[in-house]
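Participant: Fit chains V, H and B to the supplied structure of chain L, relying on the hints for placement.
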Amino acid sequence: MTPLVHGAVWGVVIATVLVTVAVFSIWFERKFAARMQTRYGPTLVGPAGLLQIVADALKMMQKEDILPQKADPMLFRLAPPCAVIFTLAAAAVIPFDEDVLAADLDIGVLFLLAVGGLVVFPVWVAGWASNNKYALLGAMRAVAQGIAYEIPLVLSAMVPVVLAQSMRLSDIISVQAETHWFVFWPLGPGLIAFVIFFICSLAEANRIPFDIPEAESELVAGVTTEYAGMRFGLLQMAEYLHTLIASAVAAAIFFGGWDGPFASGLHWMVLKTLVLFFMIFWIRWSLVRFRSDQLMALCWKYLLPLSLVLVMLSALFVYVRAMDA
Amino acid sequence: MTGDEAQRRFVALLQERFGVDEIPAANYPLVDARHHFELARVLKEEFGYRIYAFVVASHYPAAPDAKNENAEVDAEHYEVATGVRCIGAPAHLASWRVRVELDQALPTLFPLFAGADWQEREQYDLVGVRFDGHPDLRRLMMPEDWEGYPLRKDYAIGTACPPWR
Amino acid sequence: MGYFIDTARAMAVTMRNVFRPPTTVQYPKEDRVRPERYRTSFALVHDASGDEACIACLACERICPSRIITVKPAGKRESPVTGKKRNYLEDLTLDLNACIFCELCVQVCPTDALIMLRELAKPALSREGLFLSMERLYANESLAHSWGTGSRLMEMQDPKRGLPALEPGREAPPQGVDPIADGVS
Amino acid sequence: MPRRVTEVDPHLDIETYDPSADLMVLNLGPQHPSTHGVFRVKLYLDGEIIVKAVPYAGYLHRGVEKLCEELTFVQIIPVVDKNDYVSPMMNEQAIVMACEAMLEIEVPRRALYLRTIFAELQRVASHLLWLGTFGMDLGGALGGGASLFMYCFRERETILGLFEEVTGCRFHYNTHAVGGNRHDITPKFCRDTKTTIEVIAKRIEEYIQIFSSNRIYRDRTQGVGVLDGDLAVSLGITGPLARASGVDHDLRRDAPYHIYGELDVNVFTESAGDCLARTLVRLQEMCESIRIVREIIDSVPEGPILGIKPGKSPTHIKIESSQRYTCIESPRGELGTYLIGGGSNRGASAYRLKIRSPSLHAVSCIPYVFPGHTVSDAIAILGTLDPIMGEVDR
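Chains as they are written, first to last, in the numbering used here: chain L, 1 to 325; chain V, 1 to 165; chain H, 1 to 185; chain B, 1 to 394.
Chain L on its own, in the form it takes in the complex (with noise of 0.2 Å):
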């Protein structure tokens, strides 16, 4: 099977087992949020709800796609659509077990971080598109924001590459294999490393406490304010499968893949995709949001000078390490 045919299929693959879990995940959200904030939850829909997704999919189909009349009309229907593909177009270098993923690209960190980037300009366009004050507020925030949380994001990735001399993500998760997973092995870099990642991956998702560029309470809906239907669906479905391919990157990368304790495998990887997506969760229904400038006091002041240093460390930990070997 030539690399095309494979990437294809397992792209095809991926991407469709990516989508559902991300559309089953806002069911478990809302119920599990519910449980949070001692309600119920849906229940009417279906068996304890779960087809409350279905029939939100369906109403969202079924609404008109308003496109506003002073807005520019190419860009405001290109935005959502991009903003998924993008987002999903990171999940090709995603290893889900030796030989289940898209693309073994011998450079997969720097695809994925590439790739990653792009999503900062669906939500601009979509916000400069609508030609609605409080979208450009929206949109400016989210310009703002991306750019702001790409550098500690690329930084504090950089980390396991280092430790495991290579790109390719395959080989970061055998390195982590033979020795520890990269969270705990080297103490300082990892897991500061990995808080870092987590953090920026939330701010580029545009998660609670980083979610400045759709602040319902303040700028009414933010970027989406204009979009209705399928259009506002795809803008919020991109939002959750961010979520989800951050989480499984992150699990890939410091928590060591598909190896687990007894019979490492595919479980190990989604298990902990999953755990980290539940975190994610869990911080979006605790906390309180950030204001914008202190958003960025966070980054330049904190993070940035932070994961140079951990970068360095994690150099100096590989030059020791090779010196005496």
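No lab work stands behind these hints: they were computed from the structure. Where hints are given, some of them may not hold.
[As the list claims (entries may be wrong)] Calculated pairs, DSBU-like style, for lysine-lysine (alpha carbon to alpha carbon, straight line, at most 30 Å):
# : chain 1 : residue 1 : chain 2 : residue 2
1 : B       : Lys312    : H       : Lys72
2 : B       : Lys82     : B       : Lys42
3 : B       : Lys82     : H       : Lys85
4 : L       : Lys31     : L       : Lys70
[Said to hold, decoys possible] Chain V is nowhere near these chain B residues, computed Cβ spacing over 10 Å in every case:
# : residue
5 : His172
6 : Asp254
7 : Lys354
[Stated by the list, open to error] Here are the computed distance ranges between Cβ atoms for each label pair:
#  : chain 1 : residue 1 : chain 2 : residue 2 : range
8  : V       : Pro90     : B       : Glu206    : 38 to 44 Å
9  : H       : Tyr27     : B       : Glu206    : 48 to 54 Å
10 : V       : Pro90     : B       : Arg62     : 32 to 38 Å
Just so you know, even glycine gets a beta-carbon here, dropped at the ideal spot from N, CA and C.
Facilitator: Okay, now just chains V, H and B, sitting in the frame of chain L:
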């Protein structure tokens, strides 16, 4: 300093400095419009009445009051009652009434109390009393282009509020 | 650093609430227990002897702040039950669209004819549905009545009433019980 | 940091300030998720910093004062009840006290105790609703703020359940009457009140954990919307808003009415005057109200609950032409009623009735406080002002 001591001090102030002679029992003292601003300034600076409580304008149409015996027709006028309060134990409220003729304008208390800005705008909007020296005397409740002052006695008295149907 | 501790503490609170029983009630299927004095819709009742209690004295029409009660008296008639001549009601319309449920009409009714219901009336599908005529008011009589009737309210507000002091704290549940958490309604 | 408040000019002339006119005018419109009702603030934005804020009230003006000149005193109680629709008991108490002060009716002690218990419980319920909606303002409808909203409403529902037990209604009760109360409390009410206030006292610590001791929350509220003490007082702002700016003024302690003279009400003030100080003052006030209810729930004297014979006709309360101003301490400040008697219906309705609403004064500080902050701060400040549009516009 209990409440009625503060009341006696206020009444004494009214009598000797503002020439208010009779203090009605069931009503607040009537002060001449000329002393209105001066009284507010004295109360705020010398006696520490710094909380701006209320300003109430009410409209008295020209009606020969059958009940009280003043024979000649009581000309149509407004009556503006103002109240200021001091902070601390007795929190005594010093309030007085001012009689304002239809065409006359009452000096605003905005330089003394910032709260007067909105309160006087509301009274102007609802009853029609003008306050000169007010920074921007616009309507507060009603839309800008609304004509007529709702709380005047001659405003829409005929239309009993019909049952809702 | 402070951010992580506070985040953990906030997350602990939300997790603690996961294990508390949900306080919301799935309304159409189950219903919340309603106290005795709960008042929703209105009804006209028959008095003890089975005759219509309302004597069309227009007291409720005068007291109503939003003027939504209109009473059409039918004049004096032989009472089929007691044989004496008394006033009867031809039609009493109560418009729930603008009613503010202030219970004044129930309080001033001399013969306890107009009372309020304790049961939730079915939601109306149109404005006419909320327009209670005499037949509907008498039809509502079968539903559960609220505690408050004219005479009871007047008796409760009687200035000369000396109610013995309530013996507080006699059978309060022990302090430790957390009624919300343990589902004690 | 946002600029100091004192040198902000509320009536800044935009044309002279910015001839090139590159300021963006953003309408924090009448229809906005967090303006706490129908209220509009026209913001002149330089980037995201507010240069000038012009509030527009009047969207919910229902002409209550004109209606009060039409209806009689018995009938306006349920109407005035709907002004401050977050703490309805307070409106009834204010209007009823005004009538009693004019007629010098002696209210029986049991009714005074009932009114105080109802008022303090209503204060806790009102502050709970404020805390919940303020969490939503900061955390958004799909986030941590919404969890806090649900917890606050869970507690508030228990208090509404208590009121439902006594008056039959969950919200607009019409339980006060001129001369006393219309509904008497039941032994079940006493028991439930004791357990409910214990539960709420425990839950307040939980709110502090999830909310006011949280670093992100403190960043969002510390030093935001600083209101000067003497500016607040000259604006006529009273209540928790003024106490958070260091003004030690509370009508329950300074000018006690009903039985507040016998209770020792301690008043909490903060000096910072920012959003965080207002949160702390309101949280402490909740604990204080719970303490007061716990203190007097056991010693409710027996006796009648109405001073005068309950009348059948709407015009059995008549007030001759005199003027009086009475006020109470509502959760938002000094809620006063200026009543001029001798109106239509042969004296049975008011000639003029002005309701002094504390929220109108609170909202009038916006032109002084907003400039220098960002839009998200503006929402936080508007949240802490706790304005109720029904009370602002009447």
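Participant: Non-interface claim for Lys354 (chain B): all C-beta distances to chain V beyond 10 Å?
Facilitator: violated (4 Å)
Participant: Need the status of pair Lys312 (chain B), Lys72 (chain H): alpha-carbon distance at most 30 Å?
Facilitator: Distance of about 20 Å is within 30 Å: holds.
Participant: Does the beta carbon distance between Tyr27 (chain H) and Glu206 (chain B) stay inside 48 to 54 Å, or does it fall outside?
Facilitator: At 27 Å between Cβs, range violated.
Participant: Mind checking the hinted window 38 to 44 Å against the Cβ distance between Pro90 (chain V) and Glu206 (chain B)?
Facilitator: holds (39 Å)
Participant: Take a look at whether the Cβ-Cβ distance between Pro90 (chain V) and Arg62 (chain B) falls inside 32 to 38 Å.
Facilitator: holds (36 Å)
Participant: Within a Cα-Cα threshold of 30 Å, do Lys82 (chain B) and Lys85 (chain H) meet the stated pairing?
Facilitator: violated (44 Å)
Participant: For Asp254 (chain B), is the shortest beta carbon distance to chain V beyond 10 Å?
Facilitator: Check fails; 4 Å does not lie beyond 10 Å.
Participant: Between Lys31 (chain L) and Lys70 (chain L), does the CA-CA distance stay at or below 30 Å?
Facilitator: violated (39 Å)
Participant: In terms of Cβ atoms, is chain V entirely out of 10 Å range of His172 (chain B)?
Facilitator: holds (17 Å)
Participant: Hey, Lys82 (chain B) versus Lys42 (chain B), does the alpha-carbon distance stay inside 30 Å?
Facilitator: The hint holds at about 27 Å.
Checked against the numbered hints given earlier, the structure breaks hints 3, 4, 6, 7, 9 and satisfies all the rest.
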